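Q: Chains as they are written, first to last, in this note's numbering: chain Z, 1 to 505; chain E, 1001 to 1340.
It should be emphasised that the hints constitute simulated quantities derived from the structure, not laboratory data. For clarity, every value in this text was computed on a predicted model and none was experimentally measured. All C-beta atoms in this analysis are idealised placements derived from N, C-alpha and C, irrespective of residue type, glycine included. Be a bit skeptical, because a hint or two may be false.
What the hints assert, rightly or not - Calculated pairs, EDC-like style, for lysine to aspartate or glutamate (alpha carbon to alpha carbon, straight line, at most 20 Å):
hint, chain 1, residue 1, chain 2, residue 2
1, Z, Lys345, E, Asp1033
2, Z, Lys268, Z, Glu253
3, Z, Lys345, Z, Glu171
4, Z, Lys311, E, Asp1177
5, Z, Lys122, Z, Asp163
6, Z, Lys130, Z, Glu90
7, Z, Lys311, E, Glu1112
8, Z, Lys345, Z, Asp163
9, Z, Lys268, Z, Glu90
What the hints assert, rightly or not - Partial pick of chain E residues on the chain Z-facing surface, computed with a CB cut under 10 Å:
hint, residue
10, Arg1062
11, Gly1114
12, Gly1117
13, Gly1179
14, Arg1181
15, Leu1204
16, Val1205
17, Thr1210
18, Phe1211
19, Ala1224
20, Ala1225
21, Asp1231
22, Val1327
23, Ala1328
24, Val1330
25, Arg1334
For reference, the chains in residue letters:
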Amino acid sequence: MAPEPPLLSMSGITKSFPGVRALDGVDLDVQAGEVHCLLGQNGAGKSTLIKVLAGAHQPDTGTISWRGEDVTLRSPIAAMRLGIATIYQELDLVEHLSVAENVHLGHEPTSAGFVVRGRAAKASTAQLLKRLGHPEVDPGRLVGDLSAAQQQIVSMARALSHDVRLIVMDEPSAALDPDEVDNLFRIVADLTAEGVAVVYISHRLEEIRRIGDRVTVLKDGRAVAGGLPAESTPTSEVVALMTGRNVAYVFPERPAGPPAAEPVLSVKGLARQGEFEPLDLEVRPGEIVGLAGLVGSGRSEILETVYGARKPSAGQVLVDGRPLRPGSVRAAVRAGLGLAPEERKAQALLMLESVTRNVSVSAMSRFSRGGWMDQGAELSAARAATRELSLRPDNPSVPVRTLSGGNQQKAVLARWLLRGCRVLLLDEPTRGVDVGARAELYAVIRRLADEGLAVLLVSSEVPEVLGLADRVLVLREGSVVHEAPARELDEHRVLDLVMEGSPAS
Amino acid sequence: MTQHVSPPRDGTGKAAPVDGPPPAWRTLTARADVRTLSLLGVLAVLVLIGGITQPDAFLDTRNLQLVLTQASVIGVVTVGVTFVIMSGGIDLSVGAIVALSSVWATTVATQEYGFLGILFTAVVVGVGCGLVNGVLIAYGAMVPFIATLAMLASARGLALQITDGQTQVVTVSSVLDLGERDSYVLGIPPLVLVFAAVTVIGWLVLNRTTFGRRTVAVGGNPEAARLAGIDVRRQRLYLYLLSGLCCGIAAFLLIVLAGSGQNTNGNLYELDAIAAAIIGGTLLSGGRGTIVGSVLGVLIFTTITNIFALNNLQSDVQQIAKGAIIVAAVLVQRRTASTH
């Protein structure tokens, strides 16, 4: 134990929202210069805790002490003044302002108190970006024109433009390529070498092992373990703490042979200028086809183009041999396609509505006559569909926003189940879904395939594609570089392919 | 090094109803009720104030009939506007459409076709304006604020051109008769019955039809609605048609009420309708709102106007009070709805 007080010490923090106790007496100690990892399933209270730390939420009870003194973090500005910066998962940048303007937002260098010294801002921004390993980003560019990874760097530059002593990073690696993740870790190492503390949130255990010093595990709003050594705590113990049970990362068993049926979905020469090259693929009923590739390889774009949400520049999508009208979601849905998009909250869910209404939204005509809804039939159909996927809680009248990530995904799947869809397009189906719930989701997807659905799956997590899909197409920069049955591939080989693009040997 | 391990709980996720606090859906419905109840409470307080300050004049049957009649015109407009706002749009042109419909339906040429001619013209002109709004917004990708602002200017201009600034007196007796006491049904003016019918139909459409569901979906999350297979553009078109239809009906009610058509009719209706919807709990960003709330908002505003008039307070004071009420209502709602 260090003799001096920890940089930050939170104790007995509680925070309730109507109907939910988000934090229930959480303790957290952070020492200067350490990487303190925060682990927990979705809904465990991580986000609430860091919002309390950022001054965005006020705790109901509990104390926060900073360098040995009790403090109240009345507002994000108060937290910022102490030297606490937060980089949220959903980046809070102003797209229509330049990089330099974003970095200095709220504390622009000025002359005479109000004239913004644009050149000074640009110069200091350029310096920060260089320190962060991204000297190629022009401080004068609009943030909206940058890639996700670059935006994250800008967000980090903004944090560092203040005099920070503690940086909170909420799943910073979620949107990054392996190269970028290495850069991120280098930045974290530099920061801690300077005595800055980092609170690091991630779902990825291997990252925590690589850079973490200590781990605090949250579950159901409580810290079930605080200050575990990051390197030596066995994975099984961490998973057990997070889930309250021992969970293996299990994938369901595949059917014996390839399905014999004719392909229900065929894609022929489909392309979109500047996004992906002409692509051919077929999916048969009962089959799961996976697309593996890095961020920027065109995975999501392909899926959305197949679905008609983007208009192709060439090629065709056929269902049962009949071409779909290009660029029409409605035509795709009518033909039996269903999409579970990557950004569930932004692209799939009606967050103010109940589970029932979210599930029935694509199949309303089934419960209506002359536009008149039969709400009883709707509710019982929604209940049947959500039960079939064991959605929790088992009450389709609850607002969908109260569900965990995995259950929200099940609500999206239930929507297409209810619609009677025949081809399911899954974009990052387990993103934001906690470890414990993943295996269940995998089992659900496989069961749907066994019942005759054709599934096209996209994921940035190679083990997920390899474990779940029957057949895998490996993408690199918008082209398919390899296609093989999943059982003939391993993670190492796929990573080689997506990074090198070397042909099969 | 501190380390404490607490017994694991069941892993059903954060929404699992814990002991003690009620499940979230219950607080949600409770909150909607609280909102309606608080609006009813405000209305009751206003009636009380009216009854105390002007015991004879305010509670007089004729006065109450007048209040409800006045509420009917703006009320019908507000029902249409509520749908538009719930879909994430806005309609600034409703007052101007009411003006244009009312003057077009009362030209000498139209009046020759009698009762049905006037009704038909008012409705068709309203729907026509809504069609222009809807096409520009849904298929021309224009921002609703701008498209309906343009309609506001053009429709007012056209109304002035048609009337040349003159009041067009209605001579069709069957229209005028509707406003007479003889045609009251059980003491209720026909205009109020129309308002009641529009309210009930509006409630049913919003809560019991696919049209209402689509409106809420488009307003709550247009991208999700599109990816769920909803024709978002067509829905938007329909919503502005609906708003135009309501304006046409309101214009007819106004013709009955005033016995004339004027290009200054419906002045600032857009602001009154939007304000009523907002104090009724409609989210300006779309996705949430109720017909009952909007109608209560209209009744509150009309009652205030009446009480002020009875107490000989000038309209400038009324305007200030309205502004204060809007701010207060939004602040109160923010408090009751502060879950995030």
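Q: Taking 10 Å as the limit, does the beta-carbon of alanine 1225 of chain E come near enough to a beta-carbon in chain Z?
A: Holds: closest Cβ of chain Z sits about 7 Å from alanine 1225 of chain E, inside 10 Å.
Q: If you draw a straight line from the CA of lysine 122 of chain Z to the CA of aspartate 163 of chain Z, is it 20 Å or shorter?
A: 18 Å, holds
Q: Under 10 Å, Cβ to Cβ, is where arginine 1334 of chain E needs to be relative to chain Z, so tell me if that hint holds or is violated.
A: Arginine 1334 of chain E check fails; min Cβ-Cβ to chain Z is 14 Å, beyond 10 Å.
Q: Go through the hint on arginine 1181 of chain E and say holds or violated, using the shortest Cβ distance to chain Z against 10 Å.
A: 38 Å, violated
Q: Could you check if threonine 1210 of chain E really has its C-beta closer than 10 Å to a C-beta on chain Z?
A: 5 Å, holds
Q: Quick one, is the aspartate 1231 of chain E hint okay against chain Z at 10 Å, beta carbons?
A: 6 Å, holds
Q: Can you verify the interface hint for valine 1327 of chain E: is its Cβ closer than 10 Å to any Cβ in chain Z?
A: 23 Å, violated
Q: Going straight from one Cα to the other, do lysine 345 of chain Z and aspartate 163 of chain Z come out at no more than 20 Å?
A: 34 Å, violated
Q: Have a go at the valine 1330 of chain E hint: is there a Cβ in chain Z nearer than 10 Å to its own Cβ?
A: Because about 18 Å separates valine 1330 of chain E from the closest Cβ in chain Z, which is outside the 10 Å limit, the hint is violated.
Q: Does leucine 1204 of chain E hold up as a contact with chain Z if the rule is Cβ-Cβ below 10 Å?
A: Holds: closest Cβ of chain Z sits about 9 Å from leucine 1204 of chain E, inside 10 Å.
Q: Against chain Z, with CB atoms and a cut of 10 Å, does the hint on alanine 1224 of chain E hold up?
A: 5 Å, holds
Q: Under the criterion of a CB-CB separation shorter than 10 Å, is phenylalanine 1211 of chain E in contact with chain Z as hinted?
A: 6 Å, holds
When held up to the earlier numbered hints, the structure conflicts with 1, 2, 4, 6, 7, 8, 9, 10, 11, 12, 13, 14, 22, 23, 24 and 25 and fits the remainder.
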